[in-house]
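Engineer: Read off the chains here:
Protein chains: 2
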Amino acid sequence: MAKIATLITDLFEDSEYTEPAKAFKEAGHEVVAIEKETGKTVKGKQGNAKVTTDHGIDDVKPEEFDALFIPGGFSPDQLRADERFVQFTKAFMDDKKPVFAICHGPQLLISAKALEGRDATGYQSIKIDMENAGVKYADKEVVVCQNQLVTSRSPEDIPAFTRESLKLLKG
Amino acid sequence: MAKIATLITDLFEDSEYTEPAKAFKEAGHEVVAIEKETGKTVKGKQGNAKVTTDHGIDDVKPEEFDALFIPGGFSPDQLRADERFVQFTKAFMDDKKPVFAICHGPQLLISAKALEGRDATGYQSIKIDMENAGVKYADKEVVVCQNQLVTSRSPEDIPAFTRESLKLLKG
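Protein chains in written order, with this note's numbering: chain C, 9 to 179; chain P, 9 to 179.
The shape of chain C in the complex, shown without the other chains (with noise of 0.2 angstroms):
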């Protein structure tokens, strides 16, 4: 089974990583926290959810995990302004490994630089920025670009988004 590096830190959103991480570990994968430190509790800004990191950045090597997972909310925008998450994104799309990413979850690919032509959608605030990096946008519940890269709008989006993010763990 897979084993999947999660990207999160305070003010994510809460049910993009509640729902998807659920359904990865019920259909047996392994979902792996990741923050600036390991051990801390970071809270989502709907003040529902908890998250324990699992592990610090500099404690995990990309080549570690088989796929990657960016949930939203407040949370992309702070971890991209670190180079060290926005290296470990890139390396999991220079791999052409599975990804993950919802809601503001592509900022972390934009400042990877890893966007340019590929198909993709993400929430609305961001569009924009995804366009002028080159995406394709498309206003759909889910894009799944080249078998490897699934995007999804926003809560909403949360079916379809781990639906299609399963297929790809299986395929």
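Keep in mind the hints are simulated off the structure, nothing from the lab. Do not take every clue at face value.
[To be verified] Pairs of lysine to aspartate or glutamate, EDC-like flavour, derived with a Cα cap of 20 angstroms:
id	chain 1	residue 1	chain 2	residue 2
1	P	K51	P	D62
2	P	K121	C	D18
3	C	K178	C	E72
4	C	K135	P	E91
5	P	K144	C	E139
6	C	K105	C	E72
7	P	K135	C	D90
8	C	K144	P	E139
9	C	K51	P	D18
10	P	K30	P	D62
11	P	K51	C	D18
12	C	K135	P	D90
13	C	K53	P	E139
14	P	K98	C	E139
15	C	K121	P	E91
16	C	K98	P	E139
17	P	K48	P	E34
18	P	K53	C	D22
[Claimed, not checked] Computed far set for chain P versus chain C, every beta-carbon distance over 12 angstroms:
id	residue
19	H112
20	G125
21	A146
A virtual CB, placed ideally from N, CA and C, is assigned to each residue, including glycine.
Starting from the known structure of chain C, arrange chain P on it as the hints suggest.
Structural biologist: Okay, now just chain P, sitting in the frame of chain C:
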């Protein structure tokens, strides 16, 4: 004295509103807080500041104001998801009125497609979004472009940001 429209909602960066607003008022200017709704109390992300909005966006027109102020934090990202705030912002840029944007404030200017070829700065996480939008980005405490647009990077830059903004209001 100038009447300054201020676009603000929850999770603004506390000091990026409170300190410039205090300086603007002390210099005799009027600071008018505008959100989706009139009379709503919005809270800063540090938990230190609260602002009760003076007007809902539907109750004001850009031509009623002399200048625009956009504090940072996660406020601008939420406001730019609403086209009314984007068009309001665009009007000040089109009319070449003074615009003061700090930290994530330039996100609204990106959505207004008002930054092509401009000299500006902003929070490090949005540097790539600003560059992709055509900005000549400078890593400086304050950038003044064409005697109209004042931008800064973060709370540390507030003194320079406020100083240059006040100069334009006098000019």
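Engineer: It remains to establish, for every hint, whether it holds in the given structure.
Structural biologist: Structure-based check of all given hints:
Between the alpha carbons of K51 of chain P and D62 of chain P the distance comes to roughly 14 angstroms, so the proposed pair stays at or under 20 angstroms and holds. The suggested pairing of K121 of chain P with D18 of chain C is violated, with an alpha-carbon distance near 30 angstroms, which exceeds 20 angstroms. Taking the CA atoms of K178 of chain C and E72 of chain C, the gap is near 18 angstroms; set against the 20 angstroms cutoff, the hint holds. Between K135 of chain C and E91 of chain P the alpha-carbon distance is near 13 angstroms, which keeps this suggested pair within the 20 angstroms criterion.
A distance of roughly 19 angstroms separates the Cα atoms of K144 of chain P and E139 of chain C; the hinted pair therefore holds under the 20 angstroms criterion. Distance hint between K105 of chain C and E72 of chain C is fulfilled; the C-alpha atoms sit about 12 angstroms from each other, no more than 20 angstroms. The suggested pairing of K135 of chain P with D90 of chain C holds, with an alpha-carbon distance near 12 angstroms, which does not exceed 20 angstroms. For the suggested pair K144 of chain C and E139 of chain P, the alpha carbons sit about 19 angstroms apart, so the restraint of at most 20 angstroms is met.
Restraint check for K51 of chain C and D18 of chain P: satisfied, since their Cα atoms lie roughly 17 angstroms apart, inside the 20 angstroms limit. Restraint check: the Cα-Cα separation between K30 of chain P and D62 of chain P comes to about 16 angstroms, which is no more than 20 angstroms; the hinted pair holds. For the proposed pair K51 of chain P and D18 of chain C, the alpha carbon gap of about 17 angstroms is at most 20 angstroms, so the pair holds. Distance restraint check for K135 of chain C and D90 of chain P: the Cα-Cα separation of roughly 12 angstroms lies within the 20 angstroms cut-off, and the hinted pair is therefore satisfied.
Distance restraint check for K53 of chain C and E139 of chain P: the Cα-Cα separation of roughly 29 angstroms exceeds the 20 angstroms cut-off, and the hinted pair is therefore not satisfied. With a C-alpha separation of about 19 angstroms, the suggested pair K98 of chain P and E139 of chain C falls inside the 20 angstroms cut-off, and the hint holds. For the hint linking K121 of chain C to E91 of chain P, the alpha-carbon distance of about 27 angstroms lies beyond 20 angstroms, and the restraint is violated. Taking the CA atoms of K98 of chain C and E139 of chain P, the gap is near 19 angstroms; set against the 20 angstroms cutoff, the hint holds.
For the given pair, K48 of chain P sits about 24 angstroms from E34 of chain P by alpha-carbon distance, which is inconsistent with the 20 angstroms threshold. For the hint pairing K53 of chain P with D22 of chain C, the CA-to-CA distance comes to about 17 angstroms; that is within 20 angstroms, so the pair holds. Once the 12 angstroms rule is applied to beta carbons, H112 of chain P is inconsistent with being away from chain C; the minimum gap is 8 angstroms. Every CB of chain C is more than 12 angstroms from the CB of G125 of chain P (nearest about 14 angstroms), matching its label as outside the interface.
Every CB of chain C is more than 12 angstroms from the CB of A146 of chain P (nearest about 18 angstroms), matching its label as outside the interface.
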